[in-house]
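Q: Sequence:
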Amino acid sequence: MLKTQHLPQFNADYEKYSRLVFSIAVHILLRQQDAEEVVQEVFILYAKNFETVENPKYWLCRTASNFSIDRIRRTNRFNHYVDGVINGAKTLFLTISTKAAINQELEGLLSELDAKDRSILILKLGYEFTFSEIAAMLEMPESSVKSKVTRFIEKMGNQK
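Per our numbering, residue 1 is the first one in the sequence shown, and the count goes up by one each step.
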């Protein structure tokens with residue numbers, strides 16, 4: 001478990017990365033309550049593995065993505081969320097747009113994807129991770145990540 005001398009650094013990492021972890025989780029899970037639980041689970045595991053984690057941002061993002069995908073698999077609730085309506089409100093994906101406004105067509109396309117594909121796109125388009133970083137986070141070949149992003153972008157272009 002976390003040693004006392006590491007507590008200041010752990011707290012600093014929590015302050016620095018908890019919003020990022022939450023954002024990744026909420027955009028994969030599409031439910032704030034589930035995302036908050038993922039944040040807790042991720043940081044509990046981070047505290048247990050604090051001394052062995054070399055790159056906290058990478059480790060936390062990877063763990064948040066994996067925990068979120070696992071939660072969907074465990075609860076089998078993905079179909080419940082696909083309609084994009086949560087507690088009467090539209091999904092929050094639009095909040096992570098970094099370079100351009102994401103229109104409703106894009107939101108609709110994203111809702112049609114499974115959790116892993118959606119997480120790839122969120123990490124690439126929303127957070128601008130490299131293909132190799134995403135491949136490492138999700139433990140899949142880099143070529144698969146590239147092809148999924150390319151196919152999605154082509155599909156977006158064909159929607160016009």
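One thing to keep in mind: the hints can contain errors.
Here are the computed distance ranges between Cβ atoms for each label pair [to be verified]: (1) T130 <-> L109: 17 to 27 angstroms; (2) S18 <-> A136: 15 to 25 angstroms; (3) L7 <-> R151: 16 to 26 angstroms.
Derived lysine-lysine pairs resembling DSBU-like cross-links, with alpha carbons at most 35 angstroms apart [claimed, not checked]: (4) K124 <-> K48; (5) K116 <-> K148; (6) K124 <-> K148; (7) K155 <-> K48; (8) K124 <-> K16; (9) K57 <-> K155; (10) K148 <-> K57; (11) K124 <-> K57; (12) K3 <-> K155; (13) K146 <-> K124; (14) K116 <-> K57; (15) K124 <-> K155; (16) K116 <-> K48; (17) K148 <-> K16; (18) K3 <-> K57; (19) K148 <-> K3; (20) K57 <-> K16; (21) K3 <-> K48.
Source of the hints: derived by calculation from the structure; they are not laboratory data. No experiment lies behind these values; they were computed from the predicted model shown. Note that CB positions come from ideal geometry on N, CA and C, so glycine has one too.
Q: Looking back at the numbered hints, which does the structure fail to meet, lowest number first?
A: Per hint list: 3, 7, 12 and 19 violated.
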